[in-house]
Amino acid sequence: MGKTVLITGASRGIGRACARRFAEEGWQVAVHYGTSERAALSLRDELREAGCDAEIFRADVSDPAQAEACVAAVLRRYPRIDALVCCAGVAQQKLFPQLTDADWRTMIDTDLGGVFAFDRAVLPAMLREKRGVIVNLSSVWGVCGAACEVHYSAAKAGVIGLTRALAKEVGPSGIRVNCVAPGVIDTDMCAGFSAETMASLAADTPLGRIGSPRDVANAVWFLCSDDASFITGQVLGVDGGFGQ
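Here our numbering runs 4 ahead of the position in the sequence shown, where the first position is 1.
It is worth saying that the hints were derived from the structure and are not from the lab. Check each hint, because a few of them may be wrong.
Pair by pair, the computed Cβ-Cβ distance ranges are [unchecked claim]: (1) L99 with S198: 29 to 39 Å; (2) F100 with N222: 31 to 41 Å; (3) P176 with L99: 37 to 47 Å; (4) D105 with A169: 21 to 31 Å; (5) D67 with G175: 23 to 33 Å; (6) A169 with R84: 17 to 27 Å; (7) S233 with F197: 31 to 41 Å; (8) A54 with S229: 17 to 27 Å; (9) S229 with A169: 18 to 28 Å; (10) D230 with P210: 25 to 35 Å; (11) L99 with E173: 35 to 45 Å; (12) R135 with Q238: 12 to 22 Å; (13) D192 with A150: 25 to 35 Å; (14) L103 with E29: 32 to 42 Å.
Note that the Cβ used here is the ideal one computed from N, Cα and C, for glycine as well.
Construct all of the structure, not just a fragment, from the sequences and the given hints.
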């Protein structure tokens, strides 16, 4: 059997691009989704048609029990999880004084709690085998913060702290943990932005363009590959220079 990657939030955006990238490299792909079953099924069928062994798995990432059950289901389907890529997340633009307790809890439980839950769920098997790779998705806003996205920035900054600490804890067991911090990427999280706003964001990016999900997927793949075998605890910005 080949290697297996579990990708959370794989039904759309960056997660979907990551699934395609790993499939191109001959990996088996466990496609996690939360609510978009139709999109997850279409991706599974696409990957299978290309010769990839792919299957879908559902879980609410904000629920640790569902994360545990999801990982257990993946391990019943595949002999091991060689890599975990945590892409699932939500975004929201809102002035800080207008944030509700529910807004805060949803953001933290999903964008940070989901990473915690899945990282924790895959580790027992990885620790037994003394190998494995975890890549957590943060954001440029987790590095430098963003007005009107305080709760999102806080959650994504937490992902960076979690990644760096966990890398130190599990490194002696042969497990690598890294983080990718995308800049402005052309996904449905930007769907509410006007053309003028997107043009302004592109102009503020030193490379002069908006990033693509494939740009991020390439970085994720690199960190999971043997070419990155001596890299752990790092935050790789895929932002066209936006966060510099």
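query: Which hints from the list above does the structure break, by number from lowest to highest?
result: Result: hints 1, 13 break, sorted rising.
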